[in-house]
Amino acid sequence: MRLADQAIEFSPLPGAIPVWRAAVDAADLPAFCRAAAEGGGRLVALWGADERDRGQGFRLHVALALREGLAWLDLALPAREPQFPDLSPVFPAAARMQRAVCDLLGLRAAGGDARPWLRHNGWPADHFPLRRDIPAHTAYPPQPEDYAFVRVEGDGVHEIPVGPIHAGIIEPGHFRFSVVGEKVLRLEERLGFVHKGIEKRFESLPLHEGHRLAGRVSGDSTVAYAWAYCMAAESACGCAVPERALWLRALWLERERIANHLGDLGALGNDAGLAFGLAQFSRLREDWLRTNGALFGHRLLMDRIVPGGAAVDLSAQAIDVLAAQCDTIEREAHVLKAIYDDHAGLQDRFLTTGRVTPQLAARLGVIGLAGRASGQAWDLRVDAPCAPYDRLDVNMASHRNGDVAARVIVRFEEIFESLRLIRRILADLPAGEIRTPLPPAAEGAAGAGWIEGWRGEVLVALEAGAPGAHGATLRRCHCHDPSWHNWPALEHAIMGNIVPDFPLINKSFNLSYSGHDL
Amino acid sequence: MYQLLKQIVRTGIRTEAAPAADETLRVTAQRLQQAVLARLGRALVIRQVDAGSCNGCELEIHALNNPYYNLEALGIKFAASPRHADLLLVTGPVAKNMEIAVKRAYDATPAPKLVLATGDCACTGGIFGESYASHGRVSSVIPVDVAVPGCPPTPLAIMQGILTAITGARKED
Ligand code: SF4
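Sequences listed follow chains A and B, in order.
Numbering-wise, the first sequence is residues 1 to 518 according to our numbering.
Numbering-wise, the second sequence is residues 1 to 173 according to our numbering.
Lysine to any residue pairs mimicking SDA-like chemistry, simulated, CA-CA at most 25 angstroms apart:
#1 A:K183 / A:A148
#2 B:K6 / A:G273
#3 B:K113 / B:R42
#4 A:K337 / B:N70
Hint data in this document are derived by calculation from the structure and do not stem from the laboratory.
Extracted from the complex, chain B is given alone in its bound form (with noise of 0.2 angstroms):
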């Protein structure tokens, strides 16, 4: 326990350190966390879907939660169920295999939703296209909102695509 609490005391409140790269982050930060409250005057629920994402843009959508970034602390939750969702955070092209449950996850979220399409395979297909076994782009199955390009997008550029997605500028896919 006493190494425990060390460690703690000895690592410190890790947000918005090192100001000089952190400037974008600390500013995308505050943006985001009054945008959250005015919005909804609560938590912003996001839920992830990998619909067939090589999984390198999950790895940066769980950054978010890291210290630096603290997702949580700006309230922002991810949430086990589309139903308590506001936002879906969709990943990947859309593998066929794939399609029925994003159109699930899609109709059991309530309205009004948010869908932000994440990374260069969800806004175009990426690399992998469509085939007899990919649709490509997530807005080819479901009504995107924004989408975040990158490979994998860095989680800056997530916070700042969900800020996008909230403050309710529409961008047509």
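Just chain A, with the same shape it has in the complex (with noise of 0.2 angstroms):
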């Protein structure tokens, strides 16, 4: 399907990544989702707004991965009974995110899974606390909950619940098993938990500080929140940001990319039963960081990507540290690698667990480091890359065996290739300004930032709102997170493995929960 062939009139947006914007009806929305899906398009991100207060209704928007960049589509609806059509069916990644609108704004999917998704007993069935018209600090009493799960019937079956707290030091989330003896039937997440009103609290921030909010939606992903909330913002404004910038935060999603890679390798050892590599890998992690600290003034990286720019530069003697980093680390990876590679109790555990197949992979729309590892072969900084990725020829890692071995190698092979990502950055490394100062938003302009995070792509996408006394505000802000696209994925990946098997299982996915419940 080519964009140009469509009966709809789309609109780029500027800014540094093709963005494609466009009105649609009721009738064209699920025609052109369903022609986008047969020409291979994903689904991005869905979600809503209230335009109440402009005289209108409320808005649908629907995000579309196509050939040409990111499809970006509104759809108008009534301010009565506000309903779209159910584009499950053609996205099934789609239904919970149809469920997380009608929970915040009350607008429904005609047909599909009714069931709430993001409100538990915090606010009635009868209350959208995203709408425009509820102050963000409305208390309601706690309601009564009573969540319809799945029942699986037979003999000797039997249900595990898990959570919200699990055993380990990890994010809350319930979990419910059906069992026969070890062996998992079915898996059925309830997902929510973390819900803290990002979205709300983005309406009350000036549109030049929300990145640092952007930069909270998941702690792991900071940099690639970062980056994609101030390519949106500077979409909406306008602004060209230096070169050095950008190279900047190339470096700086490297890094976390890696730091990330480096900490879930030793936490998968360690859930195979190889406690040395936990310790071998976090001592690496730790280096990392350590430098991080050292060089960028927060371990995380959090806060160094600023709308305009970057917040701090790098010195030609840290270009020497970093670059002298990445060799070390290299040996030492390949070194465990091998280890990895040739420990035949590890491999038993990893080969053929939680395996999701590419065709499995491809109906779902699995994305990111999972979805390369069930051979969906799609990462931005190849498909849609913004600068300086349109210079650096990045090298996809892609397999497809789609088990927990597969999402190992992949994360070896992403970590050698952003060793090499980097020593590129630091040699081509632009001179120049670091940052600029944001020109002010025109009310209404709207931007968007879309980019390959460690897990997965982000997305961003805002509106500028009236101007406050501290410049632009923020109209609307939504946050995508990948784990969307792969937590109903990994209700597949354990069916038929065994209870046992399910941590091990989970981290090779490592989702996000903070990110999806917002």
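Since each chain comes alone in its own frame, lean on the hints to assemble the complex.
Right, here's the structure in full:
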């Protein structure tokens, strides 16, 4: 499918990546989605907005990944009984996003799963906290909650409920396993426990400060979110970011990717019985974070990316330190990879465990590193590269086995590729300014930022509001985590495996709860 | 196996490495170990509870078990259940959807219990604040003994917070 062949009129948004925006009607939307899916397009995100204060109704936003870039569709909905076509038959990943839009704004998909998703007992079913006439601090009394889990009937089937608080140091969520003996027949996830009203919070912030909140949607992906937010804000303001700042952003994004892969590879070894792996990888990760702290002022690199550029620069000396650290980490990671590869016990636990076949991954729309381990060869750094990735020729890791082993291999390959990219960035880093003031945004100006974080692609879409005391306000900001797409895949990955393998399988995806629950 | 052993030998003992940068760590670690021994005479057991964090604080809590900080060697363990815990390490603002679970974890922890609010969000509500979905600071839901600021606090700051908690200095929140 090509955008030019469609009856819909698209207009480009200015900015660092190709974004095409169009208004659609209720009949066009599913038709366009079907045509996009048949042409290899994917659903990126689905969210809503309240436009009643502008004398309109509501609006549904749908973002799709197409060959030409990001297609951002707007569907106007009436103020009374806003309903939209159910997109989950075309894109299964839409199902939970539609439930979230219903919980927060009261926009309902016609048909599909009508159960709440982010709403637990925090507010009544007929109140919608993201509506603009609901104050952010509205305090609701706790509501009764009776969530309808799907029951598996049969001889010898029993249920194991786990969470929301888990045994280890991990985020909260609820998992309900239906098992026969040790074998898992079905897993049903119940998420939303760490929903803390992030989208509502954005609406009280000035546009030029939202990057700090975006950088805390999912702390492990703070660089990806901050960059996506700034890209969106810079697009809305028509801001040209100094080149050096863009290269610094890429340096940090790759450092974040490596930090997370190092941490997860250690945890995966540990979950498969090799405590040595955890000790070694966590040591490398600590070295890596200490360098972040020493050179950039924050171990996790929070708030280093700011609207208009970067908050800290890099000295010539620091470049040498970073390059030397790449050599050390590369050497050590190769040794550890050889140990993981040759360790029979480890490979026995990794191979064929938690499989998501390429067919299943394509149907579910699995993205990011989990997608690339299941034959979904898609990486924004390759397919829709923003600067400086358009100059870096990223090699994409891609495998087809879709098991824990494949997700481990993808992580190793991405470490080595990111090390190569960091060396290139250090060698070719352009000179010049690292920050420029953000020009004022016109009221209603929109922007999108789309970044391949370590887990997968992060989307931030925002709209500037009226000018306030501190510059433009934020009328609406939606952050989308790749975990939305991959949580449903985890439900499939565990099927037919044994319960004790769940922590290992779960870790091999390492999805975000906070990024998803918002 | 040979590769594995070689790597272990080559790595050596990393705890207390890099003396210049780690002097505070060395001192904190020693005091922490002494305090655990003096107060408890056995391992200190911690239950971590994420009440709504962005997961950044969890990353630094994980780091406590890496070979540099090596919390376990100081006699401090993370437990899978609050029933065995001496101390709750709570992160994040308390999401309303987590309120019941947090209160239950607190009630299930045997007295005398300590609560360490870890990170800006746990101390004050942080960047997320209070809203229809968030209670803000941890002390608005359960009693807090010590608050460790930082976004996220460094592993060293968390260790110092644990030390403060077990040596009995109570900081009113
Ligand atoms: S204190 Fe900072 S790192 Fe910790 S949960 Fe809050 S935002 Fe995240």
